[in-house]
Amino acid sequence: MLPFHRRWHVISEVELAPLLADHAAVRRMCREVEALADRLGDYPGIEERSAIANLIHGCIREHVAVTGRLLEQIFAGEQLSFGDGVLTRILLDQIADGVHAEDVAEALRSEILEPERLDMLGYMLRCLFDSCRRALEFEELALLSLAGHRLSKGARTALEHILDTCPAGAAA
Numbered sequence: 001m002l003p004f005h006r007r008w009h010v011i012s013e014v015e016l017a018p019l020l021a022d023h024a025a026v027r028r029m030c031r032e033v034e035a036l037a038d039r040l041g042d043y044p045g046i047e048e049r050s051a052i053a054n055l056i057h058g059c060i061r062e063h064v065a066v067t068g069r070l071l072e073q074i075f076a077g078e079q080l081s082f083g084d085g086v087l088t089r090i091l092l093d094q095i096a097d098g099v100h101a102e103d104v105a106e107a108l109r110s111e112i113l114e115p116e117r118l119d120m121l122g123y124m125l126r127c128l129f130d131s132c133r134r135a136l137e138f139e140e141l142a143l144l145s146l147a148g149h150r151l152s153k154g155a156r157t158a159l160e161h162i163l164d165t166c167p168a169g170a171a172a
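With full-length UniProt numbering applied, the sequence shown covers 1 to 172.
Rather than coming from a laboratory, the hints here were simulated on the basis of the structure.
From the three backbone atoms N, C-alpha and C, an ideal C-beta is built for every residue, glycine too.
Do not take every clue at face value.
Stated by the list, open to error - Quick list of simulated restraints, FRET-style, between CB atoms:
1) R117 with Q73: 25 to 35 Å
2) V64 with K153: 20 to 30 Å
3) F138 with L113: 30 to 40 Å
4) D119 with P18: 36 to 46 Å
The whole structure should be built from the sequences, with the hints applied where relevant.
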């Protein structure tokens with residue numbers, strides 16, 4: 001009997017489903033954050049800003065958990081020739097996005113939205129959604145690259161479809 005090698009495990013679209021659903025949720029969060037950034041001149045109330053802050057906090061936290069679980073499931077125990085750096089980059093991006101999300105959430109929860117700080121807050125919001133969108137695309141490309149030979153046809157098609165329909169910089 002041959003020993004089971006994890007690296008030969010075929011990755012189906014069902015296994016990718018939690019990640020794809022999470023990426024869709026992060027993209028929705030990005031649209032909400034972008035819409036708020038566009039409306040800052042209207043001085044949105046504390047309730048709306050707090051709701052967006054809570055959305056950001058929950059969405060980023062869930063994203064880190066879902067991505068971590070999937071990457072562990074797919075790549076645990078593998079000797080990757082170049083993928084270790086890619087996986088490290090994903091982790092570092094998540095740390096940076098998490099710290100940035102905390103800063104943005106704190107700024108959004110401030111009781112008074114001071115006119116002289118609107119530009120700064122708008123910039124922070126735009127940096128957050130731009131960084132999150134880039135991170136999602138990087139994760140999807142990394143999966144295609146590192147696990148491409150193990151992806152089922154449906155899993156590969158799902159990742160390619162997302163990348164084809166969410167152009168860089170667009171309101172994905």
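Here is what the structure says about each hint:
| no. | hint | verdict |
| --- | --- | --- |
| 1 | R117 with Q73: 25 to 35 Å | violated, 43 Å |
| 2 | V64 with K153: 20 to 30 Å | holds, 29 Å |
| 3 | F138 with L113: 30 to 40 Å | holds, 32 Å |
| 4 | D119 with P18: 36 to 46 Å | holds, 38 Å |
Hint check: a violation occurs at hint 1 only; the rest are consistent with the structure.
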